[in-house]
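Under this note's numbering, the sequence shown is numbered contiguously, ending at residue 207.
These aren't lab readings, by the way, just hints derived from the structure by calculation. The beta-carbon is built from N, C-alpha and C at its ideal position, and this holds for glycine as well. One should not assume that every hint holds.
Have a look at the derived ranges for each label pair, beta carbon to beta carbon [what the hints assert, rightly or not]:
{"hint": "1", "residue 1": "C33", "residue 2": "R114", "range": "53 to 59 Å"}
{"hint": "2", "residue 1": "A127", "residue 2": "S147", "range": "37 to 43 Å"}
{"hint": "3", "residue 1": "F59", "residue 2": "A34", "range": "24 to 30 Å"}
{"hint": "4", "residue 1": "F92", "residue 2": "E202", "range": "32 to 38 Å"}
{"hint": "5", "residue 1": "F59", "residue 2": "G88", "range": "25 to 31 Å"}
{"hint": "6", "residue 1": "T61", "residue 2": "C33", "range": "21 to 27 Å"}
{"hint": "7", "residue 1": "P152", "residue 2": "L180", "range": "18 to 24 Å"}
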Amino acid sequence: MKWLLPACAVLTGTALLAAMQVTNPGYNEAFRPFVTDVPRDGVGETRLFGGQIAGWRSADRIGFSHFGRERLLDTQGVFLLVDLKLHARVRSTTLRATWQGASGREYAATARAENLPGAAESVVLQPGLTMSALAIFELPPDEIAGGALILAPPLNPPLDGALRLQPPAAPPGHRAEERFDR
Numbered sequence: 026m027k028w029l030l031p032a033c034a035v036l037t038g039t040a041l042l043a044a045m046q047v048t049n050p051g052y053n054e055a056f057r058p059f060v061t062d063v064p065r066d067g068v069g070e071t072r073l074f075g076g077q078i079a080g081w082r083s084a085d086r087i088g089f090s091h092f093g094r095e096r097l098l099d100t101q102g103v104f105l106l107v108d109l110k111l112h113a114r115v116r117s118t119t120l121r122a123t124w125q126g127a128s129g130r131e132y133a134a135t136a137r138a139e140n141l142p143g144a145a146e147s148v149v150l151q152p153g154l155t156m157s158a159l160a161i162f163e164l165p166p167d168e169i170a171g172g173a174l175i176l177a178p179p180l181n182p183p184l185d186g187a188l189r190l191q192p193p194a195a196p197p198g199h200r201a202e203e204r205f206d207r
């Protein structure tokens with residue numbers, strides 16, 4: 026009988042520790058951004074930045090000149106081009122853009138158009154200034170409708186706020202080729 030009380034204490038402690046381990050959030054859940062959902066045509070703000078979708082369109086190809094050389098990019102899906110109005114709130118910052126498709130899959134902005142002036146990843150936001158930017162994604166056409174744009178600091182995982190912007194209700198206009206001649 027002397028062993029019954031210590032055995033019960035050990036079993037109770039083991040059960041409590043197991044319950045704490047099962048209910049404790051994992052690393053990816055504990056270190057995730059505070060996501061602010063922004064409705065259509067709304068302006069969202071986090072502690073560091075704010076922004077809104079100014080327009081969107083899609084294209085089969087995009088073309089631009091880089092150091093006097095013409096570049097024409099083609100894709101197996103479509104290019105989704107999202108025009109943004111962005112501003113920093115308290116200090117200079119950069120952002121990364123991600124498209125969360127209708128299926129829940131996330132698509133990073135394409136690096137193939139990084140030399141395009143005004144690309145969202147290359148824009149440095151300054152406090153008090155509203156800047157225009159462009160996020161370009163390569164994705165399957167069925168991922169556009171029902172998707173959302175996520176803007177977050179470039180850290181992975183982002184340890185600050187993030188915006189999930191709902192696109193306009195009207196479907197994006199589509200062109201065979203979109204030119205950027207600035």
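Each hint, compared with the structure:
The hinted range of 53 to 59 Å is satisfied by C33 and R114, whose Cβ atoms lie roughly 56 Å apart. Between A127 and S147 the beta carbon distance is about 28 Å. The supplied range of 37 to 43 Å is therefore violated. Checked against the hint of 24 to 30 Å, the pair F59 and A34 fails, with Cβ atoms roughly 41 Å apart. Taking 32 to 38 Å as the suggested C-beta distance range, the pair F92 and E202 does not conform, at roughly 21 Å.
Between F59 and G88 the C-beta distance comes to about 39 Å, which lies outside the given range of 25 to 31 Å. Taking the beta carbon of each, T61 and C33 are about 48 Å apart, not inside 21 to 27 Å as hinted. Checked against the hint of 18 to 24 Å, the C-beta distance between P152 and L180 comes to roughly 19 Å, which is consistent with it.
Of the numbered hints listed earlier, those contradicted by the structure are 2, 3, 4, 5, 6.
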